[in-house]
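Taking the hints into account, I'd like the entire structure generated from these sequences.
So you can see what is in the structure, the chains are spelled out below.
2 protein chains.
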Amino acid sequence: MADYTPPLRDMRFILEDMGYLGEVAVLPGQEEITADVTFAILEEAGKFAAAMLAPLNRSGDREGCRLQNNVVTTPKGWKDAYAAYREAGWTGVAGPQEFGGQNLAKIVATPLQEMWQSANLAFSLLPLLSFGAIDALLRTASTELKHKYLPKMIDGTWSGTMNLTEPQAGSDLGAVRTRAEPQPDGSYRISGQKIFITYGEHDCTENIIHLVLARLPDAPPGVKGISLFVVPKFLVNADGSLGARNDVKCVSIEHKLGIHASPTCVMAYGDEGGAVGHLVGSANRGLEHMFVMMNEARFSVGLQGIAVAERSYQQALAYARERIQGHDAVSGEHDVAIIRHPDVRRMLLLMKSRTQAARMLAYAVAAQFDRALHHADAEARKQSQALVDLLIPVVKAWSTEIGNESVQLGVQIHGGMGFIEETGAAQHLRDARILTIYEGTTGIQALDLLGRKLARDGGESLKLLIGTMLRDAEALAAAPLPEAAALAPALKNAIDTLGKGGHSLLVTGMGNMGAALGVAVPFLHLTGVVCGAWQWGRATTAAAKAIQAGSTDADYYRSQIALAQFYFSHVASSAAGLAQTVAQGGSEVSAFPDQGF
Amino acid sequence: MADYTPPLRDMRFILEDMGYLGEVAVLPGQEEITADVTFAILEEAGKFAAAMLAPLNRSGDREGCRLQNNVVTTPKGWKDAYAAYREAGWTGVAGPQEFGGQNLAKIVATPLQEMWQSANLAFSLLPLLSFGAIDALLRTASTELKHKYLPKMIDGTWSGTMNLTEPQAGSDLGAVRTRAEPQPDGSYRISGQKIFITYGEHDCTENIIHLVLARLPDAPPGVKGISLFVVPKFLVNADGSLGARNDVKCVSIEHKLGIHASPTCVMAYGDEGGAVGHLVGSANRGLEHMFVMMNEARFSVGLQGIAVAERSYQQALAYARERIQGHDAVSGEHDVAIIRHPDVRRMLLLMKSRTQAARMLAYAVAAQFDRALHHADAEARKQSQALVDLLIPVVKAWSTEIGNESVQLGVQIHGGMGFIEETGAAQHLRDARILTIYEGTTGIQALDLLGRKLARDGGESLKLLIGTMLRDAEALAAAPLPEAAALAPALKNAIDTLGKGGHSLLVTGMGNMGAALGVAVPFLHLTGVVCGAWQWGRATTAAAKAIQAGSTDADYYRSQIALAQFYFSHVASSAAGLAQTVAQGGSEVSAFPDQGF
Chain V
1 MADYTPPLRD MRFILEDMGY LGEVAVLPGQ EEITADVTFA ILEEAGKFAA
51 AMLAPLNRSG DREGCRLQNN VVTTPKGWKD AYAAYREAGW TGVAGPQEFG
101 GQNLAKIVAT PLQEMWQSAN LAFSLLPLLS FGAIDALLRT ASTELKHKYL
151 PKMIDGTWSG TMNLTEPQAG SDLGAVRTRA EPQPDGSYRI SGQKIFITYG
201 EHDCTENIIH LVLARLPDAP PGVKGISLFV VPKFLVNADG SLGARNDVKC
251 VSIEHKLGIH ASPTCVMAYG DEGGAVGHLV GSANRGLEHM FVMMNEARFS
301 VGLQGIAVAE RSYQQALAYA RERIQGHDAV SGEHDVAIIR HPDVRRMLLL
351 MKSRTQAARM LAYAVAAQFD RALHHADAEA RKQSQALVDL LIPVVKAWST
401 EIGNESVQLG VQIHGGMGFI EETGAAQHLR DARILTIYEG TTGIQALDLL
451 GRKLARDGGE SLKLLIGTML RDAEALAAAP LPEAAALAPA LKNAIDTLGK
501 GGHSLLVTGM GNMGAALGVA VPFLHLTGVV CGAWQWGRAT TAAAKAIQAG
551 STDADYYRSQ IALAQFYFSH VASSAAGLAQ TVAQGGSEVS AFPDQGF
Chain A
1 MADYTPPLRD MRFILEDMGY LGEVAVLPGQ EEITADVTFA ILEEAGKFAA
51 AMLAPLNRSG DREGCRLQNN VVTTPKGWKD AYAAYREAGW TGVAGPQEFG
101 GQNLAKIVAT PLQEMWQSAN LAFSLLPLLS FGAIDALLRT ASTELKHKYL
151 PKMIDGTWSG TMNLTEPQAG SDLGAVRTRA EPQPDGSYRI SGQKIFITYG
201 EHDCTENIIH LVLARLPDAP PGVKGISLFV VPKFLVNADG SLGARNDVKC
251 VSIEHKLGIH ASPTCVMAYG DEGGAVGHLV GSANRGLEHM FVMMNEARFS
301 VGLQGIAVAE RSYQQALAYA RERIQGHDAV SGEHDVAIIR HPDVRRMLLL
351 MKSRTQAARM LAYAVAAQFD RALHHADAEA RKQSQALVDL LIPVVKAWST
401 EIGNESVQLG VQIHGGMGFI EETGAAQHLR DARILTIYEG TTGIQALDLL
451 GRKLARDGGE SLKLLIGTML RDAEALAAAP LPEAAALAPA LKNAIDTLGK
501 GGHSLLVTGM GNMGAALGVA VPFLHLTGVV CGAWQWGRAT TAAAKAIQAG
551 STDADYYRSQ IALAQFYFSH VASSAAGLAQ TVAQGGSEVS AFPDQGF
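Chains as they are written, first to last, in the UniProt record's numbering: chain V, 1 to 597; chain A, 1 to 597.
I should point out that these hints are in silico values taken from the structure, not numbers from a laboratory.
One or more hints might be untrue.
Identical copies carry no separate label here, and so any pair may be met within one copy or between two of them.
The calculated lysine to aspartate or glutamate pairs, modelled on DMTMM-like cross-linking and capped at a C-alpha distance of 25 Å, are [unchecked claim]:
#1 K76 <-> D185
#2 K545 <-> E483
#3 K152 <-> E44
#4 K224 <-> E333
#5 K146 <-> E98
#6 K76 <-> E421
#7 K76 <-> E206
In structure tokens form, the structure reads like this:
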């Protein structure tokens, strides 16, 4: 039941048939990622995920982490799995070649990351957070700091962490109080407490490189007085060897609903006079330095939603095929597998069609990341970046909401057995619950979509997206199979609904920003649902073409069209209602009287 | 944070202002339940729930139950709380006076039950299951068995259990294999294994009376060969004293996602030759005998959904008022309580407006229960029974879905703290997860609504419901305040959507029952959403009248109208999309190819 099968066929469909890999492979410098090379890498990564990471998912949940004398012990198997992961070179897939990385395009790195996360969400957070730290150092650290830390972080000898949150500073990082005192030698002494530090302490690497937000003594209050520091667990000597233990320690780990095997640490800095740290980037610009990597981090958490949805789908499907119960309501046949029951089938289709929709959207955005970086034409780069910026909150929030809805359905399909921990379905539910919260809650993503994206450019990037969608809808209308082309009116209708929803939100926002913010999340859901329809439209066009071209895998392509049909009737059907909420429901939130709660 | 405040104001609004108590108080034999008497009882029960049961909710979750040598030890405080509950007479509120009960009308017993369940869901299952057993014995047992068991079950000295499920017989009870061998003395020897037996073994009562489904040696296969037996843990002597230990024992308890303090037992019958049992009702009609109490049991679980939604709402609201984070997006004020953030407000309103909608519907159905039993006019009784039968699957499934959505929002409002077990928000999420599963999954409820209710009478009872709704919509259109009457078109529209949805489902079902079953759950959701709109319509009319009459509590009534407005824009807005799914989406489920999963 705990098996994981990498969904390579579905990935190949998106990358190859839907053209996202090809879009990237034509970019300057990306010629090496042919389909053959890409799928060879995916296959290797999938084998590793299934064989090494997936089997530890349940045992890691049961065992959890232990803290004793400021030392965190990860569950059995963790150290070996990490060593194998590192030796296989997976820690360096996305780092630059200058520091030992493989610099893989995002369109290739994305499915790899999805598989590791599906196989073992709690494990995958270790390299994920490391990569966050690598990325921040890459973008803002001095050459000296880069050379000191990056090679060993990219080869996985050391890991990295992100230290942002404090008890009074959660979503509002302006409230950070950790202090940094400048020293005569140019270093700083850091003191303060950080909470919710993922893998803040663990036993899988020789050293842990903490990136820490703190305030200089003369810093202005609020977000403009926060600086970023690098604080290693062990100081690093000039020759790269490890020196003294730094004044930072893990003082407790959280007892969480899920991801038990991922230690969530309370970190104490400076109990013995101050932890030695170095400034990364410019003073007082720490938040900016962190936010340049925000798109990457949010994208990765969006992928986690897809990953856990896929894992719980696989488990629910296996159960639905095995579990014998009741009779077929149509044929009357007795003692059938429950996948024959229409509502079980409906739930599986809801899981599969939404998971694949979110995956297609995420991979589409991954391709835009690559275009924004590598396209020869500046205007094309700018447009791709605008689409990335617009869609990141959707990928983050909508995919993780889908993840949460999927794990709920995964439990439901198991019936009473789903409520029993041994079954394993409940673990996915517990693990997934953090995904709509960390790296910015769904509400924060919606605020970002509305305030920083939609309102700031007056809806220009939304228009760009809608224009892209409409071209794809035209292609769908011209698709070779009639059942494919028949979906085009529904897609156009959904796109139209999104356009109207965006317009009404802008109008509301001009008159009453409070009211607009009250429907920001429904608008984000509307955007997600319509983006899913868009991707299923593209998928249908691609599938129809493959069938017309006489593919030997026609059954697969037909099933994609059937999934698209299901998505339109069962998911995209909610778009008009969401648009109605967006148009009408804002003032009912903002004007609700306090004493009415 | 773990406090519980009985929502007496909201209950009073439903019972008194909306008229549901009055509808019952005019029935023959129900004259005693004046408003004064009723609210005195509610206040007492609320005090008990808040003071005695609510404080044990967290500790019970943490401690859980232990099994050693077939003996289950409940968490600290459980035995005392149960003793106090019994001594206060709460075990007998619904039993008949003949056996020591108080025979309270369902419209009064319902809010009591809700409060106990809100205060401590795991605890409340002990009296709930007992009442199920009492109800089954009342309806079908011989006079001798009734006198032997009921007085001590109703006064709470003994508890009762329901033993239906076996590993191969979950939703399909026709697969039950437990055997019952007739003995010369008229008794039976029961042998077999039952699973998922709530409070199958515990230390709070002197004796436990098990109701057990089993097969006689000559029984036909399937559902028509199952009989119902009563099997006490300790045999009961002729004088009512306890005799020998019966051959039934708890061999393990489940490690569950939630309701840790409620022991879920695997029960072994007949390991030493057979447990002594007696036939209840007629041979081979055990399922029928169980199903006469099904409406009661499903109604109670529906109430659990409302109860846990209320509890998690109260906790989230308290947190949202306390937690300081960020700034007010409109006024710019810094360091505000998060209830000032529009999306937090929206989530609280979603929780509150849906919870109250489900509560209003459940109480409306409770009044129909009472009318079906006590109304002087046979036709009125029949109509009320038809409405009860139609709406029970909606109360069960829709309220528990709302419960699950609410606990999700409850965690979300807590942000990162919601994921930490100490906060307590996650417990509600874990506890609630069983509610859409036990006592018939949401899928089974939808099957019941479609197959046994809608299709069987060709939509007659749905028409009856819609007629009732339309009369209430007319009353709303004539309500005194313009903002109240302004909701009437939206209500009529929602009712119309339900009528069309029901019609299209019937048409689909005539052509292709498999396709109809594929959208049975969306139809159930549609029914729930529209029933909620109906109840908010009635609430708005009642609130408008109270304001016009010059109530001193006008703020409360205005907040009810504001909640109704929110519900229409944010919840009822989904009705048309659901109806579209019902009309179009069935064949996409039934025709989906097996190899496509």
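Against the structure, the hints:
1. K76 <-> D185: neither (42 Å within a copy, 59 Å between copies)
2. K545 <-> E483: within (12 Å within a copy, 54 Å between copies)
3. K152 <-> E44: within (23 Å within a copy, 66 Å between copies)
4. K224 <-> E333: between (69 Å within a copy, 17 Å between copies)
5. K146 <-> E98: Only inside one copy: K146 and E98 sit 10 Å apart there, 84 Å across copies, limit 25 Å.
6. K76 <-> E421: both (19 Å within a copy, 23 Å between copies)
7. K76 <-> E206: within (18 Å within a copy, 45 Å between copies)
In this structure, only the earlier hint numbered 1 is contradicted, and the remaining ones agree with it.
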